[in-house]
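Protein chains in written order, with the numbering used here: chain E, 3 to 313; chain U, 89 to 435.
It is possible that part of the hints are untrue.
[Unchecked claim] What follows is a set of in silico ranges between Cβ atoms, one per label pair, in the way DEER data are often shown:
#, chain 1, residue 1, chain 2, residue 2, range
1, E, F25, U, A128, 51 to 59 Å
2, E, L90, U, R121, 22 to 30 Å
3, E, F25, U, E265, 33 to 41 Å
4, E, L18, U, V229, 28 to 36 Å
5, E, I43, U, L318, 20 to 28 Å
6, U, S224, E, R19, 33 to 41 Å
7, E, A195, U, G139, 41 to 49 Å
[To be verified] To give an idea of the interface, some chain U residues facing chain E are shown, with a C-beta separation under 10 Å as derived from the structure:
#, residue
8, L168
9, A214
10, V388
It should be emphasised that the hints constitute simulated quantities derived from the structure, not laboratory data.
A quick note: this is a predicted structure, and the numbers were derived from the prediction, not measured.
From the three backbone atoms N, C-alpha and C, an ideal C-beta is built for every residue, glycine too.
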Amino acid sequence: MSAATSPLDSVRSWPLRDRLGYFAAWAAGMALIAIAAAILIYMGYRGAQYFNLGLLIESPSSSLNQAKSGGFRDPLIGTATLLVLSTLIAAPLGVTIAVWLTEYGRPAGLARAVESAIEVVAGTPSIVLAMFGLILFQEWFGFLTFDAEGAVLGRSFIAAASMMSLIALPLVVGATREALNSIPGHVREASYALGKTKAATIRRVLLPAARPGIGTGAALGMGRVAGDTAIVVVLLGATLQILNGGDGGVFGFFKGTGGTLTSYVYYNSPAGEGLAPEKAYFAAFVLLGVVILLNFVVARLARRREPAWIR
Amino acid sequence: MPTEGIAARLPGRRGPGPGASSAAGTGFWSDARVERLLGAVACLVLLLIVGMIGFVFAKAWPSFADNGLAWFASGGDVDLQLEDIFASPANPAEYVYHLRAWPLLWGTFVVTAGAVTIGIVFSLFAAIFIVEFAPSQVNRVLEPVVRLLAAVPSVVYGLIGILVIVPWVGEHLISLERKESVANLVQLDGASISVGILILTVMIVPIMIAIVVDALRAVPRSWTEGAAALGANRWRITWTIAVRTARPAIVAAAVLATARALGEAIMLSMVAGSASFAPNPIDGITFLFEPTRPLASALVENVEGLSVVPFGETLFAFAAVLLVSSMFLSLAGFVAKQSMRKYGVRP
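Just chain U, same shape as in the assembly (with noise of 0.2 Å):
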């Protein structure tokens, strides 16, 4: 587990015994010189993480550094702008790098935080469920479950969701006023945030049961069974007691789900849409068919452009703002899940 705890690797602790320290030294692989290469090849895996940040970034600056905060803003068709600077002239000095990113900005946000919010009550329900209420042979047939949802590729969901599910939803729940109502804007064709939303919580759940599934186990039992003494009944002892003290852990579960949902590019640009285009909460329920296009998928559809310098260094861009927000979010839910540590529960 990777948040084994930092006192086991104390020196000392598991030390080599007097034994080994006079059998060390003897041969090419010596203890010391085993423990500097071992160490050595973690550095260099750090240090290509590290390289990594930096290079995404340098990439990312001459976008960035042009368009300033606005960069983060709205204003024009991000469809356009892109078009602008991939047609940009071969002089660098007259690179186009006017972009305002705010339809892809906001089109991940809403489908990141639809698919978390509806996920993590989902799972949450679906944990205590495995922990507490499943008969034996309903959990043997669960485990699979859990794994299997988690181990389809996202291509596969993206495949269902555009043959199966975008058409169904453009038939029969997208009125004909409903696509009349903003047809001079978008299309409705079906293709759009709530069937991303769908199918992104059906691939983030399982990682989220999977984290509240083992908070939940390691609530101690006496705490559980103090509370059944008290006489309150399995609903009331889960709910107040275990799910309670697996708070952090569902924080954590919330976060790295995020962090998943975040860099999900395959699947929703197959069905939400991929329309640069900010779905309006005001439009009501119309709202809920309106196309959009996440950073992550602007990505993948892209990539052909790559190898003009300034459309290059906008898609460096980008990825540069996924990176960020992904590793704060990683560090975050390592963060949230050693924090039940204090309760003195190891998730």
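Pulled out of the complex, with its shape left as it was, chain E reads as follows (with noise of 0.2 Å):
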């Protein structure tokens, strides 16, 4: 928008009404870096106060001495592994689902619908996409989940991360049709012109050219995934520690419960009487590391220039 300024045009010569809502935009952005300023210098004091590498690499344990509860090694499994596995779900599904709005769409009702769905689910409380999971795998899928001794809760590594992928997925959808969108129709008619069939042209030509809009989707959701903290006290259990779910292996690993550092930060606060707010503030002091470090990948994935053929 951005009106041309002349010089003439100086804040001082305007009516008060005008100048006091000028100071107001003023103090709103100042007051939004003071915030972000705020949080910033205060988890790094308190990160630094209580740093203590020894914390990333021991299990914890429940003890009320303070010096042998131990650290948050598992936590930090729980939390990468919910990524990773989110991750491979949301992505190939979004993917899946925005090439099919931009590119296919037919019928256009049920296109409607599917977006509409999409939209639903991005407005949906993680609670509720939680509580949803919980039926979904104790009613259908509870081979999937964790059982103790033959009840089954509903409770696995598989449980929490499909339904993180759901709290991912509207932002790999949204981002990945941006970037399709953004494709010029003639690199499509180009490629048709010569005689690649659609399907050829979606893998071979969209696709990687959408590949930076991907990257931001994905990241995007994984912050929003590691940031979560309803749907692991809901379907993962939110224990100290990983349990394996079977005998073993790594299929057993996803079937077992554990916790996050959200959740382990959650129960280390006055409000999960955990008591124990120096692990507290160290965990949070990663887990705010590691969702800023998403969000400069986002960033970086963001600025990177489409392959210059699409241009």
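Fit chain to chain and form the complex, with the hints in mind.
Okay, here's the thing in structure tokens:
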């Protein structure tokens, strides 16, 4: 928008009402910066104060004694596992849906419905997704979850990751659609003119061109997944240690329950009666670091230029 | 962008060219098969979401059926009612469902409305600042700042709230007389709706700013230049032309932020006091310091009881209320965003 400004239009000459608005706008902008700076500085200060690399590699244990309750290796592994698993589900699914919506989208009514459904998921509170996941994994997919002496609780890494992927899904779909829509029509036409089928065009031309967009969406989704607590509490059990859900092996690990950094912070804060604020602060500091790193990746990916041929 | 036009998807616009159609049908990955495959995946997700709505309601039904519309009314102590439900006999015929959820609903409403009201004003001014007045160096800082505020996990906000802001409010802002005045009802220790609203505002502001900034940037230049040519100053131009054009986007921002605020569970359960108490506006300023417990927080705090059938069904009733509200809000936000198109402006 940015209207043309003349040198005569200085703020001093404005009526009082306009000047008030102008200062309110400045105040709002400065307040934003101040809040972000306060959060960063405070968390950085606390993180440095309780800095202890040993916490990262120690397993947690339940003990009232602070010195004996261990570190948060398991929650760290839990967060990493959830990030990988849920991205593995959300990215292919999201890209498929985005491609179908932008390149096919017939019948139009169905496309409208899918679009609204994605919109609905985007707005659904994660705690509600978690409750739905519980029905799903208790009643139908119990074999994918941790069972405690025959009782199916509907909790496992698989259950949590598949519901987490629903949080990331709208972000992947949105970013991929945006990327696909920004590819000009003549690129597709050039591909058709060379005798490629539509399917081949999508696979060899459109998807490679949309890769930065897909990456942005996936990284955004990972940021949300790393920060979510409600699904972890409901579907992962939010236990201190990772419990293997089977007779060992990778599948047993995925069937097991565990916790993440978010649930660790929650249960170690006064709200969760853990009463270990030092550990909560340091875990929150690490968590914030993970999220900021993902954000940095998003910024880098978003800035990356598309291949020269699509411009 | 999710609002990309329907026209773009009409058959023909991006249909395969003549060369493509003759080549289609070769090999396993023929066009028709790929289209059906992709469509099937999309339908699967659609089915999942429709299933979610159906199943959550099916699970929630006993609680609603037993209480009728009184479910939404006030009466009694919700915490005690939840305890009774939790302790109900194992025999399905004797399940207890009695619940009057009003304090939870009211708590959700107060906190959400407060945060969205403050947030929309704040983010409108912040968006104006970003689009119109901020020097480019400041904007270079503001962009990552907004992204950071959106990305900070709610549990980190909650941690800062419960360890820093809540004790401070409890010590410095609430006088002893105020604590004593309501001591027979609730304990005022700083964990309160005002802290909840404050932090929730910070959490939802980035979404609103992003939407409003996009809309303000999409206002056609010629319109603002026209106003400038008529001698309006920059503030007037922004306020009367740009903000007015962006009104649908402001509505969309408020609606989508409301959906986000409704679902915020963890942070609010940490800082809002987690007492099923309906703060009373008649209490004057004390009202701001009274604790509450929104619906989503009540869900998170009670998940341990899910395996008790009637209790689980009651929790699913909470989830159903949240689901319906957020569903309507997302769709309303979607529609509101579309309406800017009628000016030929694409947010």
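Name the hints, by number, that the structure is in violation of. Checked against the structure, the hints that fail are numbers 5, 6, 8, while the rest are satisfied.
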